[in-house]
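Asks: Chain by chain, the residues:
Protein chains: 4
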Amino acid sequence: MSGVAVGRRVWAIAEGYIPGQSVSGDRALVSHETACILNASDEDAEIAITLFFTDREPCGPYRTKVGARRTLHLRFNDLADPEPVPRDTSYASVIESTVPIVVQHTRLDSRNPNIALLSTVAFAA
Amino acid sequence: MSGVAVGRRVWAIAEGYIPGQSVSGDRALVSHETACILNASDEDAEIAITLFFTDREPCGPYRTKVGARRTLHLRFNDLADPEPVPRDTSYASVIESTVPIVVQHTRLDSRNPNIALLSTVAFAA
Amino acid sequence: MSGVAVGRRVWAIAEGYIPGQSVSGDRALVSHETACILNASDEDAEIAITLFFTDREPCGPYRTKVGARRTLHLRFNDLADPEPVPRDTSYASVIESTVPIVVQHTRLDSRNPNIALLSTVAFAA
Amino acid sequence: MSGVAVGRRVWAIAEGYIPGQSVSGDRALVSHETACILNASDEDAEIAITLFFTDREPCGPYRTKVGARRTLHLRFNDLADPEPVPRDTSYASVIESTVPIVVQHTRLDSRNPNIALLSTVAFAA
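From first to last, the protein sequence lines stand for chains A, B, C and D. So the first sequence is numbered by this note's numbering: it starts at 1 and just counts up by one. So the second sequence is numbered by this note's numbering: it starts at 1 and just counts up by one. So the third sequence is numbered by this note's numbering: it starts at 1 and just counts up by one. So the fourth sequence is numbered by this note's numbering: it starts at 1 and just counts up by one.
The following block holds chain A by itself, in its conformation from the complex (with noise of 0.2 Å):
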């Protein structure tokens, strides 16, 4: 399999929250948030996220790529531009891409001494 193309061009998260506090200062177990983003095409993906709050507008567009034939797990912690995402709050996303590529959320919660997880694949819109 290569070079098919799975997955559609724009997808929500409804869900969007990053704990302010970790047990570990561990990349790996410190709590994040993911949108883990598929691109199973031949063509690079130019992908553009907006961030939707309770009470302000939107911010965005966060711009990445996800090359060819590769998948990016990317953190809404690492989120810089144009401001990093607030802590303790909720949000939700809208991730564009401009070809299809297929994502899925997963939150890593390292507040309490043993860790949770979800995991849902995002709505295809």
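Rather than coming from a laboratory, the hints here were simulated on the basis of the structure. There's no promise every hint is true.
[Claimed, not checked] Covered by chain A, according to a simulated footprint, are these stretches of chain B (three or more residues, beta-carbon under 8 Å):
(1) 67 to 78
(2) 110 to 117
[As the list claims (entries may be wrong)] Label-pair ranges, simulated between beta-carbon atoms:
(3) B:GLY25 - C:PRO86: 24 to 32 Å
(4) B:ASP55 - D:ARG27: 40 to 48 Å
(5) B:PRO82 - C:THR89: 39 to 47 Å
(6) B:ALA68 - A:ARG87: 24 to 32 Å
(7) B:GLU46 - C:LEU29: 35 to 43 Å
Note that the structure is predicted; figures quoted are calculated from it, not measured. For glycine and all other residues, C-beta sits at the position ideal for the given N, C-alpha and C.
Got chain A sorted already, so can you dock chains B, C and D onto it with the hints?
Replies: This is chains B, C and D only, laid out in the frame that chain A set:
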């Protein structure tokens, strides 16, 4: 991205259960269940939620609003009118909106010293 | 909202596994797996469940009913006829209904002192 | 129910990550990632899995078979040919079948003394 209507007008969550106990009284960590709603459109969304139970007629509608380009992480714990959601009780919900929205269902269970999480995009009817 | 048929008539859950151990004998906290079924229609739903295994022919149908405008959080642990669901064994299921329903799959794993949860909307065939 | 083809022929899992550590050596509790595959049809399914990475070309196909009316809970940990799946490394997968199947993605993370779980139906392409 602005003003693009992403989603559907009718959603269902077949799983519902708010644990009656929590190890923490902190609002962030009390056992709760959430319908995360994203309204990426340019129109306010009027939302009506109906709850279904095992052995009695449905209850509702519970009414709320999600502004244009806003997200609402609605806690079922906070619903009060026409009546609170019973704890330790199985329920399900149908969420109807006047404009397309995206709905994701999340539970934080803190009956144990360490939290457990689950999440899934709801069923788009 | 009343009497709107939401959902599909055939659903599949590819993941199935009931841990044989639990730290608690409390029904709420014993390791269990659930098919949460919502029948938002005005007709009773006759449900037939078929279980699939790794190395033998399917088993079923297991029959149950979900009344009009009712939800049933069916525990696979409780299935008995034609035979109980084996513990610590991989299985999968297909759920068929006479009217449209919505199905969500949830597991509570209490092999450890703290529970773990997973959930996903089932696959609508 | 017998011999009904439920599902799709191409599936994608955008999230993939096998933790390199586990508190237990017990096969049931070691950190693992699973693609639960249901073949409810009357024909054997020939399966081809391709893995995608962050910074190198895809790897595969990994080949397996799921018999007619059988389920296979395939551990990515067990894949060996053409090469094992690296631990502590982000990946994604595309699963192709000769007959319709249903795929659900599950991870058990036992880096902590208590396990964490996630699961979602994969993306049906």
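Asks: State for each hint whether it applies.
Replies: Now for the hints, and whether the structure bears them out:
1. 67 to 78: The restraint on the segment 67 to 78 of chain B holds, since 5 of its residues have a Cβ under 8 Å from chain A and three suffice.
2. 110 to 117: holds (count 5)
3. B:GLY25 - C:PRO86: 24 to 32 Å: Violated - the Cβ-Cβ distance for B:GLY25 and C:PRO86, about 41 Å, lies outside 24 to 32 Å.
4. B:ASP55 - D:ARG27: 40 to 48 Å: Holds - the Cβ-Cβ distance for B:ASP55 and D:ARG27, about 41 Å, lies within 40 to 48 Å.
5. B:PRO82 - C:THR89: 39 to 47 Å: holds (44 Å)
6. B:ALA68 - A:ARG87: 24 to 32 Å: Holds - the Cβ-Cβ distance for B:ALA68 and A:ARG87, about 26 Å, lies within 24 to 32 Å.
7. B:GLU46 - C:LEU29: 35 to 43 Å: holds (39 Å)
Comparing the model with each numbered hint stated earlier shows that hint 3 is the single one that does not hold.
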